[in-house]
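Trainee: Each chain, written out:
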Amino acid sequence: MKLAVLVKEVPDASARTRIDPGSLRLDRSGPAALNPFDAHALEEALRIRERTGDGEVVAIMMAPARGAESLRKALAIGADRAVHVTDDALAGSDLVATARALAKAVEREEPDLVLLGQQGGDSDGAVLWSALADLLRLPVVSQASSLELAGGKATVKRQTEYGYDVIEAPLPAVVAVSDAINEPRYPSLKGIMGAKKKPFDTVDAAGLGLAAGEVGEAGSRTDVRALADPPSRGDSVRIEDDGSAAEKVVEYLAQRKLL
Amino acid sequence: MKALVFLEDHEGELARGSLGVLSKAASLDGDVAAVVAGSGVKAIAGQAGRFGAARVYAADDPALAAPLPQPRVDVLAKLVRDGGFDTVLFGASVLSADVAAGLAARLGAGLNWDLVDLQLRDGELVGIRPALQDSVYADVGWKDEPRLALVRSGTFEPVESGGEAEVEELAVELEDFSTRAVMVERAHAESEGPSIEEADVIVAGGRGLGEPGKFALLEELAKALGGAVAATRAVVDAGWYPYATQVGQTGKTVAPKLYVACGISGAIQHKVGMQGSGTIVAINKDPNAPIFEYADVGVVGDLHQIVPKLTELVQERRG
Ligand SMILES: Cc1cc2nc3c(=O)[nH]c(=O)nc-3n(C[C@H](O)[C@H](O)[C@H](O)COP(=O)(O)OP(=O)(O)OC[C@H]3O[C@@H](n4cnc5c(N)ncnc54)[C@H](O)[C@@H]3O)c2cc1C
Ligand SMILES: Nc1ncnc2c1ncn2[C@@H]1O[C@H](COP(=O)(O)O)[C@@H](O)[C@H]1O
Numbered sequence: 001m002k003l004a005v006l007v008k009e010v011p012d013a014s015a016r017t018r019i020d021p022g023s024l025r026l027d028r029s030g031p032a033a034l035n036p037f038d039a040h041a042l043e044e045a046l047r048i049r050e051r052t053g054d055g056e057v058v059a060i061m062m063a064p065a066r067g068a069e070s071l072r073k074a075l076a077i078g079a080d081r082a083v084h085v086t087d088d089a090l091a092g093s094d095l096v097a098t099a100r101a102l103a104k105a106v107e108r109e110e111p112d113l114v115l116l117g118q119q120g121g122d123s124d125g126a127v128l129w130s131a132l133a134d135l136l137r138l139p140v141v142s143q144a145s146s147l148e149l150a151g152g153k154a155t156v157k158r159q160t161e162y163g164y165d166v167i168e169a170p171l172p173a174v175v176a177v178s179d180a181i182n183e184p185r186y187p188s189l190k191g192i193m194g195a196k197k198k199p200f201d202t203v204d205a206a207g208l209g210l211a212a213g214e215v216g217e218a219g220s221r222t223d224v225r226a227l228a229d230p231p232s233r234g235d236s237v238r239i240e241d242d243g244s245a246a247e248k249v250v251e252y253l254a255q256r257k258l259l
Numbered sequence: 001m002k003a004l005v006f007l008e009d010h011e012g013e014l015a016r017g018s019l020g021v022l023s024k025a026a027s028l029d030g031d032v033a034a035v036v037a038g039s040g041v042k043a044i045a046g047q048a049g050r051f052g053a054a055r056v057y058a059a060d061d062p063a064l065a066a067p068l069p070q071p072r073v074d075v076l077a078k079l080v081r082d083g084g085f086d087t088v089l090f091g092a093s094v095l096s097a098d099v100a101a102g103l104a105a106r107l108g109a110g111l112n113w114d115l116v117d118l119q120l121r122d123g124e125l126v127g128i129r130p131a132l133q134d135s136v137y138a139d140v141g142w143k144d145e146p147r148l149a150l151v152r153s154g155t156f157e158p159v160e161s162g163g164e165a166e167v168e169e170l171a172v173e174l175e176d177f178s179t180r181a182v183m184v185e186r187a188h189a190e191s192e193g194p195s196i197e198e199a200d201v202i203v204a205g206g207r208g209l210g211e212p213g214k215f216a217l218l219e220e221l222a223k224a225l226g227g228a229v230a231a232t233r234a235v236v237d238a239g240w241y242p243y244a245t246q247v248g249q250t251g252k253t254v255a256p257k258l259y260v261a262c263g264i265s266g267a268i269q270h271k272v273g274m275q276g277s278g279t280i281v282a283i284n285k286d287p288n289a290p291i292f293e294y295a296d297v298g299v300v301g302d303l304h305q306i307v308p309k310l311t312e313l314v315q316e317r318r319g
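Residue numbers (the numbering used here), protein chains in the order written: chain A, 1 to 259; chain B, 1 to 319.
To be clear, the hints were calculated from the coordinates, so they are not data collected in a lab.
Even glycine gets a Cβ: it sits at the ideal position worked out from N, Cα and C.
A hint or two may mislead.
What the hints assert, rightly or not - SDA-like, lysine to any residue: derived pairs with alpha carbons at most 25 Å apart: (1) B:143 x A:146; (2) B:214 x B:308; (3) B:214 x A:146; (4) B:42 x A:239; (5) B:42 x B:160; (6) A:257 x B:257; (7) B:214 x A:239; (8) B:143 x A:26.
As the list claims (entries may be wrong) - Covered stretches of chain B (in silico footprint by chain A; criterion: 3 or more residues with CB under 8 Å from a CB of chain A, positions within the stretch not fixed): (9) 67-81; (10) 92-101; (11) 106-112; (12) 143-151; (13) 230-238; (14) 250-263; (15) 297-304.
As the list claims (entries may be wrong) - Chain B side only, calculated, beta carbon under 8 Å to chain A, not exhaustive: (16) 10; (17) 136; (18) 139; (19) 172; (20) 174; (21) 180; (22) 186; (23) 187; (24) 281; (25) 294; (26) 310; (27) 314.
Next comes chain A alone, as it looks inside the complex (with noise of 0.2 Å):
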């Protein structure tokens, strides 16, 4: 069994990010990290290969340079091997682009079983796994909440807006997966050790065989115009709890006749 895990590389939920006035783009020169949602992927595709006690792992990333890092990260979680799809090239991607160029990844790979998290920490796009499966021609099935494998079929269970239903999907397919599918592990030090010597592969926009209208700026079809501020949602009171933040919330309450 082989298992593919997408894998992103998104700002530091610590650090604060901006979008760079000039470029328009997401300010990516702060600390980054590995996608929390991404880490229920890698998750679920280590518990398969441990549970038939075959298989291999191998995490894929799209990323400018230092993406490098937080891709290592997967592999000292526990994958077996890395690709980095990275290319001055990519920069400025949408959705389609983006798409493009991680199917042509996959595409080498021949996995049986294509992964991804539930959205990008930092896009809540939450659409790449559709677009992906169509270029791939295979089918796709998102939001799950388990996953189970047997004869040759996934079978997903996964939330809707009109409640829980099952759907299943024969293998090679595309899962994304809902940040409560699993608990995910940390990476142990043996395993920190152990990751350098993992095998980690890059590969540009030419080494997949990407033309360059089809990925990048260049092959994208969205814009960003303009930035704006939201609109104002009046005051907010911030409590840093020191004890008393419940009597400091209950006083807030009772002025405003809440209680």
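Following the hints, put chain B with the ligands in place on chain A, whose structure we already have.
Mentor: Okay, now just chain B with the ligands, sitting in the frame of chain A:
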């Protein structure tokens, strides 16, 4: 603009979210078409006229019975190409988001998502897209046609403006890979579980509770405040609390006078279900949690310390 709106259907009804987008599109440009794809949908397709559709296309086929995206991508791709539509609009849902993204890939088109407004400026379509936990609003556009747009759930209300629309039936031709995923169990409305929509006060809990048993803390506070208890998808998916109490995009939309969020990060998909609340109090130990961007009172601290005290103080006040 030659716009097409994708309408989602469920159990013989057109989904409110997609009708809201249709009404918005019709307000921008009178000549809007809509498409519905499902099994037995021919009968309901004409209703879209009331919400502004001049024409409705119906792809009615048993192969479209399950709410799965890929066969719908096939239907839409053909319709957009043959019909020469330059704009395709969707209201966000699990199904519609997957249809929109699949269609973008199929057509090599631009998709802007999570839009909270659509505007025509000098005849050009512009989307308003909040970013970075809604702390900045971007104007987004398309360099090319067709333009695909996915609107944040709950953004536009359906507005009745017209009568029945003319319905045109579409031939359905599906790709082989599009029908490989099948639904083996259909979602059904949950009958059990408390109703939270009428509550004046809601105390909601998320993964920050740490374990299912800790919902007891919230139940006590809710009792003291005379309110109901709600939950995030993360804990509902994990089986900690019933789906009937979930607030957010795929749960309930609530607007109590007071919403107390405990151990909830405040993801957009949660926010869309409770942003209409009168006063939002958030308790979270992470000072950078997104929920603090829209809480009226943000308490940085450990809910396990604060919630029991809060319960005690409220009980004292209310006698
Ligand atoms: C298509 C789609 C639909 C979705 N629909 C919904 C929906 O309807 N409703 C919904 O809620 N979500 C929905 N989601 C999921 C959403 O994106 C988030 O994943 C989810 O809301 C997170 O739940 P949470 O806040 O409980 O968990 P987390 O994001 O894990 O947050 C837990 C929070 O608890 C805090 N915390 C931890 N310990 C403590 C402590 N001791 N004291 C105080 N705070 C603590 C942490 O700092 C953290 O901020 C949807 C997602 C998608 C992609
Ligand atoms: N640049 C990327 N490289 C690898 N995987 C990605 C990338 N962008 C998105 N993904 C995957 O797609 C999922 C959804 O991301 P998004 O559609 O950006 O919200 C993420 O959880 C990842 O699994």
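Trainee: Could you run down the list of hints and mark each one as holding or not?
Mentor: Against the structure, the hints:
no. : hint          : in the structure
1   : B:143 x A:146 : violated (39 Å)
2   : B:214 x B:308 : holds (11 Å)
3   : B:214 x A:146 : holds (23 Å)
4   : B:42 x A:239  : violated (55 Å)
5   : B:42 x B:160  : holds (20 Å)
6   : A:257 x B:257 : holds (10 Å)
7   : B:214 x A:239 : holds (23 Å)
8   : B:143 x A:26  : holds (19 Å)
9   : 67-81         : holds (count 5)
10  : 92-101        : holds (count 8)
11  : 106-112       : holds (count 6)
12  : 143-151       : holds (count 3)
13  : 230-238       : holds (count 6)
14  : 250-263       : holds (count 3)
15  : 297-304       : holds (count 6)
16  : 10            : holds (6 Å)
17  : 136           : holds (6 Å)
18  : 139           : holds (4 Å)
19  : 172           : violated (18 Å)
20  : 174           : violated (12 Å)
21  : 180           : holds (4 Å)
22  : 186           : holds (6 Å)
23  : 187           : holds (4 Å)
24  : 281           : holds (6 Å)
25  : 294           : holds (6 Å)
26  : 310           : holds (4 Å)
27  : 314           : holds (6 Å)
Violated hints, in rising order: 1, 4, 19, 20; the structure is consistent with all others.
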